[in-house]
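Student: Here is how the chains run, residue by residue.
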Amino acid sequence: MPRDSTQSPQTRLTPANSGFSGTTGNAWYGLFPLVAGLAMATALQFILPGAAGPYYSRIVIDAGIAIVLAVSLNIVNGMTGQFSIGHAGFMALGGYTAGILTHYGSMLLWGSAGRHGGFLGSGELLFAASCLAGGLISAVAGYVVGLPSLRLRGDYLAIVTLGFGEIMRVILQQTGRVIDDAEKFRSGGLSQLIPPPVGGAVGFDGLPKYTSLFWVYSLVTVTVVVAYRLKVSSPGRAMISVREDEIAAQAMGVDIARQKVMAFVIAAFFAGAAGGMFAHESGVIISPRDAGFQRSFDYVIMTVLGGRGSISGVLIAAAVLTALPEMLRDFEQYRLIVYALLLIMMMLVRPQGLFGIHEIWDLFAPFLRRQQKAAP
Amino acid sequence: MSLLAIKDLSVSYGAIQALSGISLHVEDGEIVTLIGGNGAGKSTTLRTVSGLLKPGQGSVEFEGKSIHGTAPHRIAQSRLVHVPEGRGIFANLSVEENLMLGAFSRHDADQIAADRERVLTLFPRVRERLRQQAGTLSGGEQQMLAIGRALLARPKLLMLDEPSLGLAPQIVQTIFQVIQQINREGTTILLVEQNASMALQVAHRAYVIEVGRIQIEGPARELAASDAVRKAYLGAH
Ligand SMILES: Nc1ncnc2c1ncn2[C@@H]1O[C@H](COP(=O)(O)OP(=O)(O)OP(=O)(O)O)[C@@H](O)[C@H]1O
Ligand SMILES: [Mg+2]
Chain A
1 MPRDSTQSPQ TRLTPANSGF SGTTGNAWYG LFPLVAGLAM ATALQFILPG AAGPYYSRIV
61 IDAGIAIVLA VSLNIVNGMT GQFSIGHAGF MALGGYTAGI LTHYGSMLLW GSAGRHGGFL
121 GSGELLFAAS CLAGGLISAV AGYVVGLPSL RLRGDYLAIV TLGFGEIMRV ILQQTGRVID
181 DAEKFRSGGL SQLIPPPVGG AVGFDGLPKY TSLFWVYSLV TVTVVVAYRL KVSSPGRAMI
241 SVREDEIAAQ AMGVDIARQK VMAFVIAAFF AGAAGGMFAH ESGVIISPRD AGFQRSFDYV
301 IMTVLGGRGS ISGVLIAAAV LTALPEMLRD FEQYRLIVYA LLLIMMMLVR PQGLFGIHEI
361 WDLFAPFLRR QQKAAP
Chain B
377 MSLLAIKDLS VSYGAIQALS GISLHVEDGE IVTLIGGNGA GKSTTLRTVS GLLKPGQGSV
437 EFEGKSIHGT APHRIAQSRL VHVPEGRGIF ANLSVEENLM LGAFSRHDAD QIAADRERVL
497 TLFPRVRERL RQQAGTLSGG EQQMLAIGRA LLARPKLLML DEPSLGLAPQ IVQTIFQVIQ
557 QINREGTTIL LVEQNASMAL QVAHRAYVIE VGRIQIEGPA RELAASDAVR KAYLGAH
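Residue numbers (the working numbering), protein chains in the order written: chain A, 1 to 376; chain B, 377 to 613.
The set of hints was computed from the structure by calculation and includes no laboratory data. Take these hints with a grain of salt, some might be off.
Said to hold, decoys possible - Reference excerpt, derived from the structure (chain A facing chain B, CB under 10 Å, subset only):
no.: 1; residue: D180
no.: 2; residue: L230
no.: 3; residue: S234
no.: 4; residue: R237
no.: 5; residue: S241
no.: 6; residue: A248
no.: 7; residue: A249
no.: 8; residue: G253
no.: 9; residue: R258
no.: 10; residue: G309
Stated by the list, open to error - Between beta-carbon pairs, the in silico distance windows are:
no.: 11; chain 1: A; residue 1: Q173; chain 2: B; residue 2: I392; range: 45 to 51 Å
no.: 12; chain 1: B; residue 1: Q433; chain 2: A; residue 2: P235; range: 36 to 42 Å
no.: 13; chain 1: A; residue 1: P235; chain 2: B; residue 2: E493; range: 20 to 26 Å
no.: 14; chain 1: B; residue 1: Q487; chain 2: A; residue 2: L336; range: 56 to 62 Å
no.: 15; chain 1: A; residue 1: V144; chain 2: B; residue 2: S399; range: 40 to 46 Å
no.: 16; chain 1: A; residue 1: P235; chain 2: B; residue 2: Q487; range: 19 to 25 Å
Here a beta-carbon is modelled for each residue, glycine too, at the ideal position from N, C-alpha and C.
Please work from the sequences and hints to get the whole structure.
Tutor: Right, here's the structure in full:
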């Protein structure tokens with residue numbers, strides 16, 4: 001059974017905007033997707049909970065977080081063709097980092113760890129900044145984990161990334177109890193930060209629940225826009241050339257080491273930021289288990305199903321695979337079986353993933369071109 | 377000063393000695409061909425020059441500077457461009473994207489556009505297929521794309537590893553005509569070939585390599601006429 005991305009003849013499609021001069025376009029053209037995405041995030045925030053209720057809103061939030069993780073993992077696994085199965089490790093690192101900042105930051109700033117301020121209020125801004133910081137810390141870890149990728153390939157690299165996630169999990173289990181008393185925390189010295197008071201094996205409980213549709217889908221927007229701009233830009237093509245043929249890539253002057261590590265850094269950044277959102281989601285207590293292999297594997301499956309390198313494919317796969325187990329909840333005992341069967345069927349019918357390496361709009365490109373020609 | 381000068385180069389793969397002290401040079405403006413049978417060490421020579429393999433002994437100088445131990449992408453950026461055996465097409469990218477990657481290390485947009493136009497004029501069949509996925513091109517078209525892509529890197533020295541491999545005689549003819557034309561327009565070429573008769577027709581000078589050693593060297597015309605070469609490589613009796 002061919003597992004790679006060999007294409008069937010009828011999918012001879014290429015990104016619709018592969019103009020030679022690359023990404024020229026004016027500023028508005030560049031900003032439009034961002035603005036549209038943020039508008040959508042705002043609309044979701046104010047319409048969905050009222051229209052669909054908290055249960056479905058929660059699923060949509062979960063889907064958004066999964067989209068960020070899967071689309072970012074796809075930069076490593078899909079674009080540069082490496083195989084990382086430690087993505088949850090980056091997510092957890094970012095989540096815990098952001099959690100420390102909001103929890104203890106709130107205590108220092110406002111005297112309590114609780115929610116502070118309303119929509120876009122000071123508490124939410126602290127939260128956004130903490131997610132950003134979580135992303136940056138994860139990016140540093142991504143650099144360190146990416147370095148072995150220069151010498152290792154295939155299975156061996158997979159083992160290193162797997163090891164990273166598991167190491168994160170074990171380290172997080174060894175952490176100290178969460179400090180809930182703001183007064184005590186303020187008067188205590190730096191020594192109470194060692195080991196970090198993030199809850200050990202039971203998880204980091206008591207974080208202010210700032211995560212909302214607005215913040216999650218703002219991050220989704222940024223992630224998807226960055227991933228897409230990357231894919232159709234010269235640095236992104238350099239990453240893809242590494243996946244396609246390392247020797248030829250070098251012959252074109254591509255520094256393959258740099259591309260591989262860069263992919264890890266970018267992917268880890270978004271995973272870390274998504275981890276921050278996850279940690280502050282209501283109903284969630286981020287725990288060491290979230291760094292582990294099982295969660296990493298969920299994201300790998302999403303990238304494989306979506307098509308390695310296809311942003312829209314992975315986005316759809318992430319959304320469906322998040323919603324599906326919820327929909328199947330009525331068949332509780334058969335749920336995992338159905339899930340597995342679906343995966344097997346997909347691998348048999350479309351081993352290259354939903355759209356292969358292409359995007360959903362590429363499927364309409366020939367049709368659109370015909371329309372353009374027909375029009376005067 | 378030679379554009380490329382290789383002196384006493386030895387390379388081994390583990391215990392297998394692939395090159396045992398070869399020397400060759402390429403002057404500005406030449407087409408030099410390196411011919412020899414299977415496993416003679418032709419590809420190994422090119423891979424060493426482009427930095428993919430590390431030489432055990434000997435020196436490699438490009439434009440008078442040693443490139444021994446330089447990373448492959450740096451060597452490519454100094455405009456010594458290698459079209460590897462088997463072409464190295466990025467199969468899942470479009471033809472256009474493949475060409476764009478040729479210009480990856482360059483930032484002179486206007487000149488790139490002009491070079492692209494020149495490449496598409498050299499290879500009209502590539503122009504017709506710009507949006508096609510490169511992996512679906514025929515072998516000949518892929519070879520044209522590989523050469524065109526390399527030209528977009530503005531090579532001072534273009535190293536071609538068996539451009540005729542697996543191609544029909546007509547296409548081979550076309551490819552060799554283009555190689556000559558590229559050379560007339562100012563690009564120096566080091567051509568590795570098993571198709572010795574074609575290679576000797578287009579080259580100025582030639583080296584014959586056997587089991588890791590240079591056996592014969594001289595002007596291509598003389599080699600084509602020599603009995604030893606004709607017997608061994610040109611199928612004459
Ligand atoms: N990666 C490798 N590992 C071990 N030995 C190798 C490797 N690559 C090449 N060799 C050996 O080195 C010798 C020279 O190989 P090379 O590829 O340079 O030959 P060539 O002249 O290009 O032959 P051909 O015309 O068949 O391509 C051969 O004996 C080959 O078996
Ligand atoms: Mg060879």
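Student: Against this structure, judge whether each hint is valid.
Tutor: So, going through the hints one by one against the coordinates:
no.	hint	result
1	D180	violated (53 Å)
2	L230	violated (14 Å)
3	S234	holds (6 Å)
4	R237	holds (6 Å)
5	S241	holds (5 Å)
6	A248	holds (3 Å)
7	A249	holds (8 Å)
8	G253	holds (4 Å)
9	R258	holds (8 Å)
10	G309	holds (8 Å)
11	A:Q173 <-> B:I392: 45 to 51 Å	holds (50 Å)
12	B:Q433 <-> A:P235: 36 to 42 Å	holds (38 Å)
13	A:P235 <-> B:E493: 20 to 26 Å	holds (25 Å)
14	B:Q487 <-> A:L336: 56 to 62 Å	holds (58 Å)
15	A:V144 <-> B:S399: 40 to 46 Å	holds (44 Å)
16	A:P235 <-> B:Q487: 19 to 25 Å	holds (20 Å)
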